[in-house]
Amino acid sequence: MTITDNKQSNIYPLSYNQKSILFLDQLTTDKSKLNQSIAVKILSPINRDHLKQAFQNIIDRHPIFRTIYLKNNYQNFQKVTENVKVNFEQFNMADLNEIELREKVKNIINVPFNLEKEAPFRVSLLTLADHSHILVITSHYIACNRQSLVLLLEEFKAIYEQITGNCTEVLSEISHPDYTDFVQWQNDYLNTEKATNSWHYWQNKLQGEISLLNLPFDYPFALTSNNNQEFFTVIYYSELFNEIKQLSQKLLPEIKIEQSLSLILFATLQIFLYRYTAQEEILIGSFVNL
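Following the numbering used here from start to finish, the sequence shown increments by one per residue and tops out at 984.
Check each hint, because a few of them may be wrong.
The calculated label-pair distances, taken between Cβ atoms and stated as ranges, are [claimed, not checked]:
| hint | residue 1 | residue 2 | range |
| --- | --- | --- | --- |
| 1 | N891 | E783 | 43 to 53 Å |
| 2 | P914 | L718 | 18 to 28 Å |
| 3 | E783 | T962 | 19 to 29 Å |
| 4 | Q901 | S956 | 18 to 28 Å |
| 5 | E887 | V734 | 40 to 50 Å |
| 6 | N891 | Y913 | 10 to 20 Å |
| 7 | A889 | N766 | 18 to 28 Å |
| 8 | N766 | I949 | 33 to 43 Å |
| 9 | K944 | F966 | 14 to 24 Å |
| 10 | S738 | Q901 | 54 to 64 Å |
| 11 | E783 | G979 | 28 to 38 Å |
Straight-line Cα separation of at most 25 Å, DSS-like style, residue types lysine-lysine; simulated pairs [stated by the list, open to error]:
| hint | residue 1 | residue 2 |
| --- | --- | --- |
| 12 | K727 | K798 |
| 13 | K811 | K727 |
| 14 | K899 | K888 |
| 15 | K746 | K779 |
| 16 | K725 | K779 |
| 17 | K713 | K773 |
| 18 | K735 | K800 |
| 19 | K899 | K735 |
| 20 | K746 | K798 |
| 21 | K800 | K746 |
| 22 | K851 | K746 |
| 23 | K746 | K735 |
| 24 | K811 | K765 |
| 25 | K779 | K888 |
| 26 | K798 | K779 |
| 27 | K727 | K773 |
| 28 | K939 | K950 |
| 29 | K713 | K811 |
| 30 | K765 | K713 |
| 31 | K811 | K725 |
| 32 | K735 | K765 |
| 33 | K800 | K779 |
| 34 | K800 | K851 |
Keep in mind that the hints were calculated from the coordinates and are not lab data.
C-beta: ideal position from N, C-alpha, C; glycine also.
Please build the complete structure, drawing on both the sequences and the hints.
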């Protein structure tokens, strides 16, 4: 069975990025690893009903937050659901200390989504006092990455101010195509001769065994993959960061600054690894934005 667009039943095929993310979601036992979240502290009184209404407006405006992911004859597809109520939780955290509060936020973020039965988006409000709250927005990676959550937070602020009467400017309707339109475009493109030629090129380019990184490890390198992860934070001070920006704009003037920065930093990492391995083929993985 081939899944095609069916706007009457709101059923659509998946993009290739969605297929890969859904595969990871089904593969891993700890599904919370694919959760994306942002937490902000609010130091002012808030109207909880208006706050919930603002996020309900966001759910109504963005079909991707009303989408569930199903399977038919071993083929996954997405279905945009209607009349979805925003998953909004409220917690009274007045009696918790800082350590307990951090643990509570962590637990909220790590609650996994059941993509077959619920929308991949939820909002949690932790109240510490009348003038102190923590707002936690969590989404599954198949619907939204963290960068998009930051943009979504700006949209929420505009809608909330509009609802509370602090802003008379009406937020414009979304006029650009939604994600299902992109999926249709992607599927149409992949059926073209140009896409077929590109597929054959990269299939030939990437054929053969994947070379392991020959670094001088302290311990034997595991040949089987696992879900263990480590995170390292690198701080770029303003002077160095500005120099990197200038270099990226000089070398890659035709590319957006955010993309060129990533390319420059990836190239720097590959040069660094080459210095210690003398390998000309080095594979580096990164998150793929939807």
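query = So does N891 sit 10 to 20 Å from Y913, Cβ to Cβ?
reply = violated (44 Å)
message = Hint check: K779 vs K888, CA-CA at most 25 Å. Holds or violated?
response = violated (43 Å)
Pairwise hint evaluation, K773 against K713, where the allowed Cα distance is 25 Å at most = Answer holds: K713 to K773 is near 14 Å, not above 25 Å.
ask   = Can the suggested window of 18 to 28 Å be confirmed for the beta-carbon pair P914 and L718?
value = Distance hint for P914, L718 holds at roughly 26 Å.
key: Given hint K735 paired with K746 - CA-CA distance at most 25 Å   = holds (16 Å)
query = Given the proposed pairing of K746 with K779, does the C-alpha separation stay at or below 25 Å?
reply = Satisfied, since the Cα-Cα distance of roughly 10 Å is no more than 25 Å.
ask   = Is the hinted pair K727 and K773 satisfied, with a Cα-Cα distance of at most 25 Å?
value = Answer holds: K727 to K773 is near 23 Å, not above 25 Å.
ask   = Has the hinted range 43 to 53 Å been met by the Cβ atoms of N891 and E783?
value = holds (50 Å)
message = Just to be sure I understand the hint, the distance between the Cβ atoms of E887 and V734 should be within 40 to 50 Å; is that true here?
response = holds (48 Å)
ask   = Quick one, are K725 and K779 close enough, alpha carbons at most 25 Å?
value = Status holds; Cα separation ~23 Å.
message = Would the hint linking K899 and K888 be met if the CA-CA limit is 25 Å?
response = OK: K899 and K888 at ~16 Å, within 25 Å.
inquiry  = K798 and K779 were given as a pair; does the straight-line alpha-carbon distance stay at or below 25 Å?
reply    = Within the cut-off at roughly 24 Å; holds.
The structure shown violates the earlier hints numbered 3, 6, 19, 25, 32.
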